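Student: What follows is the residue order along each chain.
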Amino acid sequence: MTDAKKRLNSQEFAQTVSEEMITSRSFWADARRRFLGHRLAVFSIFMLLALLLFAIFGHAFAQWSYEEIDWNVLGRIKTEGGPNWENGHYFGVDELGRDLFARVVQGSRTSLMVGFVAGPLAVLLGATLGALAGYFGGRLDQFIVGFYTIWISIPYIIFFVVWQAFFGRSLTQMILVIILVNWTAGLLIVRGQVMMLKNREFVDAARMLGMSDFAIIFKHLAPNILWVIVIYTSIVIPEVIMAESLVSFLGVGIQEPNTSWGALISEGAKTMTFGTLWQLGYPAAFFVIAQVSLYYIGDGLRDALDPKDRR
Amino acid sequence: MFNYTLRRILTVVPTLLVLIIFSFYLMRLAPGGPFTSEKPLPPAVMKNVLERYGMDQPLYVQLWTYIKNIVFHFDFGPSFSQKDRTVNDVIAQGFPVTLTYGFWSAVFVLVLGIPLGIVAALRHNSFWDYTMTGLAIFSQIFPNFVLAPILVLLFTLSWGLLPGGGWNGGQWEYIIMPAIALGTSYMAGVARLTRGSMLEVLNAPFILTARSKGLPERTIIWRHALKPALLPTLTYMGPVFVYMITGSVFIDVFFSTGGIGQDFIDGAYSRDYAMLLGLAVLYSLLTFTLNLLLDLMYAWIDPKVRSNL
Amino acid sequence: MTLLSVKNLKIRFRSGDGKIHAVNDVSFDMAQGQKLALVGESGSGKSQIALAIMGLLARNAEVEGEILYDGRNLLDLSRSELNRLRAKEIALIFQDPMSSLNPYMTIERQLGEVVELHEGASRSAARKRALDVMDAVKIPDAKNRLKAYPHEFSGGMRQRIVIAMALICKPRLILADEPTTALDVTVQAQIMALLDDIQRDMGTAVLLITHDLGVVAGFCEDTMVLYGGRMMEAAPTLSLFDAPGHPYTRGLLRAVPRITEDDAELSAIPGSPPNQTGAPTACPFAPRCVDAIAECHRILPTMQDGRACIRPVEELT
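Chains as they are written, first to last, in our numbering: chain E, 1 to 311; chain R, 1 to 309; chain X, 1 to 317.
So that you can see chain E by itself, here it is in the shape it has in the complex (with noise of 0.2 Å):
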């Protein structure tokens, strides 16, 4: 996605797109229109429901909790530890003889919170450091740009490696430490837009009004730049999951017995060897689940909000 990416953060991209917002009053009703019209985006729409549905109330389901070992098949496990709707192991057991199912609901719970809560987080903070910078310019403006060129030089896997290492591995650190490393997304086209539309007369007709700096930027600018936070959120979701799920392959993620998608996988890659395909299968088929709809529903966005894809 990265071209996509670079197309956005183009000075005649901004140009056009702050063009059309202004004088486009029917915007968010022809997205939505176009939106809807994107077949595979609304399916994965419903796709996306079904993943979250099964992480909130999959435990109901579940005959076992995440946690506890079913002492039956610990030992015979490649043999009686597969798929099994009659011992209640849905999906199988894991190496530890814990149920699998309990074990994707738990993973997918996390990772989707992660990928939920963070990634929606880091863009806010980009977008806001992105204002900042754009709309006082200046020095304020270097800073946050320079800051910006050096962190995203630096290669993410050594902050996450070196947080989590040292602040512990909980869901809370875990989601800090992506939104410290994610939060550069969206923060150059935010500052572009930004920069375009502080010199708009309704900015100037706000200022003689006496509007303070920051009710002028989000009362009045921040309406007109949610549509590079959505299209942004949209890109950035599928990429923490990928980066929490990574991380979480290295042992450095999420802390046992809690899991994540990840972290499942990582174990199911460990044991395949043993034949316990199951282990590995099923929490790498919703994660690519996950990411197939996320870029659907990513691609649907873009092409219902980019002014330029449309025809």
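To be clear, the hints were calculated from the coordinates, so they are not data collected in a lab.
Since we're looking at a predicted model, the values are computed, not measured.
Ideal placement from N, C-alpha and C gives every residue a C-beta, glycine not left out.
Everything hinted at is true.
In silico DSS-like links for lysine-lysine, alpha-carbon gap of 25 Å or less:
1) X:88 with X:128
2) X:88 with X:170
3) X:147 with R:227
4) X:138 with X:170
5) X:147 with X:170
6) R:304 with X:143
7) R:47 with R:83
8) X:7 with X:19
9) R:304 with X:147
Covered stretches of chain E (in silico footprint by chain R; criterion: 3 or more residues with CB under 8 Å from a CB of chain R, positions within the stretch not fixed):
10) 162-174
11) 243-256
12) 264-272
13) 288-301
Assemble the complex: chain E is given as a structure, and chains R and X must be docked to it using the hints.
Tutor: Below, chains R and X alone, put in the same frame as chain E:
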């Protein structure tokens, strides 16, 4: 050009300083340390150990010594967790491994990605074009840590064609899967980007000029279209290298290559300050070097950029 | 002797909303060394005629009719046969010198590759030729600018390079598609003077494609006027300017500013260019024509005595 290069190298210095100082304090301020364990060491021994690693000094003195040693001796200090090994030893042993398959992975990304993108653009809406689009979406969904187990499942467990891990002095069988697992999604990204920019360039007026000269199609593509079509790809390689470095940590762990990624993760677990800091500096240096090379390459290709340097 | 003969040329483009009839039944002849102007508004199909002659139409184009060059129908030639004619026999000068030069190649290479291709010249011979032709189009200090890239030249200089590129193999026919549109007025005059000089020296035939009658006046012996992809009028330039025989030509001439008659009012032709979807059934200009009668909206006029209009000249306003 020379001045530009020099200027770029000079901006790396403060960046690295900020990184070192930030990570240094972050690690030291965190609770616990490399020598805290469940059974506390006797005070005398503890004092001894701390003295040996210079940790009895005030923090800023330690920081100063650390930076001084790097600058004057390129010495990252002794490892706190691996007995009798310095961070330099670990780098000397593991870094060549990571660099080797990283290099082959980059070769794989470019040598396969670029031609695939070009073919897809030239045979627009053909079988190749659709294959490539499919591959691009596939690789978006199967990141390296999903792809790697699948590869091992197929090539090692099912067909027994390739070893599922290890390094063995860097024989080619041991390099293939790490390189492919690391590179596939970026290869698809490169292909998609090259396809897009090639399509755009082929519609440019100067291509029509080239056609009006009577040049054969092959010459038009090689001589006139290729360079401008590759510029966006080159820009894209910057973030790709950053992502690939991140990915290499995973590859080192998953394939037990013996590369520095494993040491980095181990260092995090054992709170090996020197190891973590040293490898973080190394990773950052690598990123800066690659980005600088890319920018110079860009300037070499694009005369407009060159004359502005 | 006839060099180029276009007969009943039709160009259509397939598009989502049906076929666009860009050029309809256009015929004309060009003698060796002749300077002919093709005049029309943008969208009148004039550039497409040039592209059709070069065999460079877009992929969704359908062509009918004949384009005879030296007796051979260009539309029947294979791509490699066409390639041998391009630049060597027929050269094209593009409208926008900013984008029609390759920004990543030196001027020397862009000029030289033409000679290398068509005459098998060596690199050093090609450099020599590039230098000669740059001198011919009066690029100052050409020797030191061979290694320069397009962005290092001004717009006027770039257009000179584009012209040099067209001249380098001494073609017998040059198609100049709006060669001065993108330039300042003073530079426009210089470029046209240059084209005139070269044309006289080399005896090349020039098909000048433009929307600007002012450019035509000083340059071409004959003029054709195109509207909606159809010929409206064809006449020697002088008589066309003196006594335009078609309402559209009259409108065009009224829209040209003249320094000599400062009291004359400038007037634009009302309305907008026609929608060319579907085959034409009536005079395409009728909806905008001040002289149109009911017949005009029903009958498709053909060229007679150099004009395609059913109303007699005397009755026009």
